[in-house]
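2 protein chains.
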Amino acid sequence: MQIEVSLGIDIGGTNTKFGLVDHQGKVYVYNTIDTKAEQAAEKLFQRLFINLNRLLNQHPDELQIRAVGIGAPNANHYTGRLEYPPNLSWDIVDLPEIVHDHLDLPVAVTNDANAAALGEMVFGNAKGMKNFILITLGTGVGSGIIVNGELVYGHDGFAGEMGHVIVERNGRKCGCGRLGCLEAYTSASGVVRTVKTLLADSDKPSELRDIPIDTMTAHQIYNAAKNGDTIGIEAFDTTARYLGEAMADAAAYFSPEAFFLAGGVAQAGEFIFEPIKRYLEANLFGIFKNKIKILPSGLPINNSAILGASALAWHELEA
Amino acid sequence: MQIEVSLGIDIGGTNTKFGLVDHQGKVYVYNTIDTKAEQAAEKLFQRLFINLNRLLNQHPDELQIRAVGIGAPNANHYTGRLEYPPNLSWDIVDLPEIVHDHLDLPVAVTNDANAAALGEMVFGNAKGMKNFILITLGTGVGSGIIVNGELVYGHDGFAGEMGHVIVERNGRKCGCGRLGCLEAYTSASGVVRTVKTLLADSDKPSELRDIPIDTMTAHQIYNAAKNGDTIGIEAFDTTARYLGEAMADAAAYFSPEAFFLAGGVAQAGEFIFEPIKRYLEANLFGIFKNKIKILPSGLPINNSAILGASALAWHELEA
Chain X
1 MQIEVSLGID IGGTNTKFGL VDHQGKVYVY NTIDTKAEQA AEKLFQRLFI
51 NLNRLLNQHP DELQIRAVGI GAPNANHYTG RLEYPPNLSW DIVDLPEIVH
101 DHLDLPVAVT NDANAAALGE MVFGNAKGMK NFILITLGTG VGSGIIVNGE
151 LVYGHDGFAG EMGHVIVERN GRKCGCGRLG CLEAYTSASG VVRTVKTLLA
201 DSDKPSELRD IPIDTMTAHQ IYNAAKNGDT IGIEAFDTTA RYLGEAMADA
251 AAYFSPEAFF LAGGVAQAGE FIFEPIKRYL EANLFGIFKN KIKILPSGLP
301 INNSAILGAS ALAWHELEA
Chain E
1 MQIEVSLGID IGGTNTKFGL VDHQGKVYVY NTIDTKAEQA AEKLFQRLFI
51 NLNRLLNQHP DELQIRAVGI GAPNANHYTG RLEYPPNLSW DIVDLPEIVH
101 DHLDLPVAVT NDANAAALGE MVFGNAKGMK NFILITLGTG VGSGIIVNGE
151 LVYGHDGFAG EMGHVIVERN GRKCGCGRLG CLEAYTSASG VVRTVKTLLA
201 DSDKPSELRD IPIDTMTAHQ IYNAAKNGDT IGIEAFDTTA RYLGEAMADA
251 AAYFSPEAFF LAGGVAQAGE FIFEPIKRYL EANLFGIFKN KIKILPSGLP
301 INNSAILGAS ALAWHELEA
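Protein chains in written order, with our numbering: chain X, 1 to 319; chain E, 1 to 319.
Hints are computed from structural coordinates only; laboratory data are not their basis. Take the hints with a grain of salt, since some may be wrong.
Because identical chains share one entry, a pair is satisfied inside a single copy or across any pair of copies.
Below, in silico cross-link-like pairs of lysine-lysine (BS3-like), each with a Cα-Cα straight-line distance of 27 Å or less [said to hold, decoys possible]:
id: 1; residue 1: Lys277; residue 2: Lys293
id: 2; residue 1: Lys36; residue 2: Lys204
id: 3; residue 1: Lys291; residue 2: Lys173
id: 4; residue 1: Lys291; residue 2: Lys130
On a predicted model such as this, the values are computed, not experimentally measured, just so you know.
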């Protein structure tokens with residue numbers, strides 16, 4: 001059987017994932033390889049295509065690749081280039097040029113959070129929505145913003161950096177060098193920093209006191225919250241307050257139909273969704289109250305990056 | 001001579017302005033009438049069209065109206081309706097329906113700040129720009145946000161309310177009922193409130209001490225600043241700080257090519273533009289630094305509302 005697929009590639013600091021995905025979001029071929037960012041980017045793609053061709057040869061169906069979508073940190077949609085990506089030792093990489101050594105097909109490029117938003121719109125819980133914001137709460141905090149059914153790239157291609165709006169003037173130091181960014185409070189390590197503060201500021205008993213702060217994970221805090229641990233619950237409440245306040249401002253700009261929450265911190269479920277809803281509503285401009293949905297991502301977390309990159313490829317092909 | 005024009009209408013709490021404007025932004029017929037919001041909205045349009053037809057009959061050229069654009073507070077682009085407009089006693093008004101009693105032409109509707117942004121793009125300093133934000137600093141603070149050459153209306157038509165992002169948590173009471181909105185600090189009355197605080201917090205000499213605070217205007221503060229008055233200069237610096245900080249957050253969302261400043265407070269020229277530039281750059285996320293222009297509106301202030309409404313009509317007709 002001949003099946004049309006797009007090749008979705010997600011380049012991360014440690015691993016690069018790729019997969020072949022049809023129009024309905026079904027994944028036919030999938031693999032993860034080491035990024036080996038200390039080598040040139042060309043080497044990564046050489047290994048990727050050798051790997052991909054082996055998988056294609058083994059596959060019972062004839063998978064016809066129609067387009068390529070790539071999600072990567074600091075990837076610029078307009079230029080197709082990676083520009084000084086964090087956690088990768090490359091400086092500027094022209095992704096379409098490298099892909100064209102292997103495949104003569106359209107190549108679309110964007111950052112991982114933007115790809116995730118398109119994945120949500122094409123395959124996930126945002127099907128049919130024209131205006132929404134997806135926030136990824138992971139190692140960093142990113143966002144993909146959809147207006148009128150299209151990603152907001154802005155003038156230079158780098159729009160949608162909700163993780164770097166200031167939520168606390170002169171607040172916590174952020175990885176970007178500034179003070180008080182949303183990311184510093186609501187990334188996975190942001191939640192751990194909040195626990196650290198809460199533990200220092202009170203002498204409430206907490207199972208989290210037994211975990212060295214340097215090794216503590218957001219998942220451990222979630223487990224503590226599930227056990228009724230006051231500090232654990234409070235940490236997610238504080239995280240949610242910063243998110244709810246920032247989302248209320250975002251609503252004033254965008255009037256979205258929904259916010260989607262993805263990434264590790266969003267896995268805390270009601271410990272984060274319930275207080276976000278409460279803080280969002282408490283801070284919204286009047287005309288937006290009780291209108292905006294807060295939803296989890298509808299994509300499986302282990303495939304979401306591939307599905308996002310693949311959705312980008314399909315979306316651009318149909319544009 | 002036969003000339004194609006659009007009818008631009010700007011409905012305000014006290015006055016309603018209208019004009020006939022060609023594709024190049026030339027205004028052929030222009031008038032201002034009382035809104036008389038205590039009467040039904042139908043009465044306003046009856047008077048407007050009687051007045052317009054009289055002017056059309058007197059005009060030497062044959063002005064052929066092709067479309068109608070209306071800017072008004074709380075006007076919803078999607079529904080064409082005014083919904084509980086502030087300062088007007090109407091509840092819900094279906095504007096296209098009322099216009100169609102007089103003219104069988106396409107009618108487009110939006111709020112005044114959105115219309116101003118389109119006016120800037122079609123006739124003003126934003127010609128050729130695809131991504132920018134216009135901020136109106138007047139009685140209120142509004143914004144019109146252009147992404148990919150189109151206004152951001154959002155899911156419900158009410159997007160672009162930059163005046164109601166929170167710039168000071170638990171700060172000044174805003175007219176919208178919440179605390180700390182940008183509007184409470186950077187509207188014309190916001191600048192006066194800042195002067196009041198500055199006068200109370202110091203005993204610096206200032207010519208502004210001679211003006212009763214209830215009658216003080218932003219223009220008087222501008223005159224004081226021009227005379228070297230420390231309090232006057234400081235008031236614009238504080239206003240600019242709130243604007244620059246909010247604009248840095250807006251840049252993280254939108255990555256605009258430029259910000260445009262319009263309205264009364266923007267007339268303070270370098271007393272407001274210079275510190276805004278400084279505070280914006282100090283607060284920007286790294287990748288946006290030294291890229292974003294801050295520009296004055298290119299539309300004459302007395303005609304800007306008409307030109308904005310007319311630009312909306314042309315823009316929709318060509319969409």
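In rising order, the numbers of the hints this structure does not comply with: Hint 2 contradicted; others consistent.
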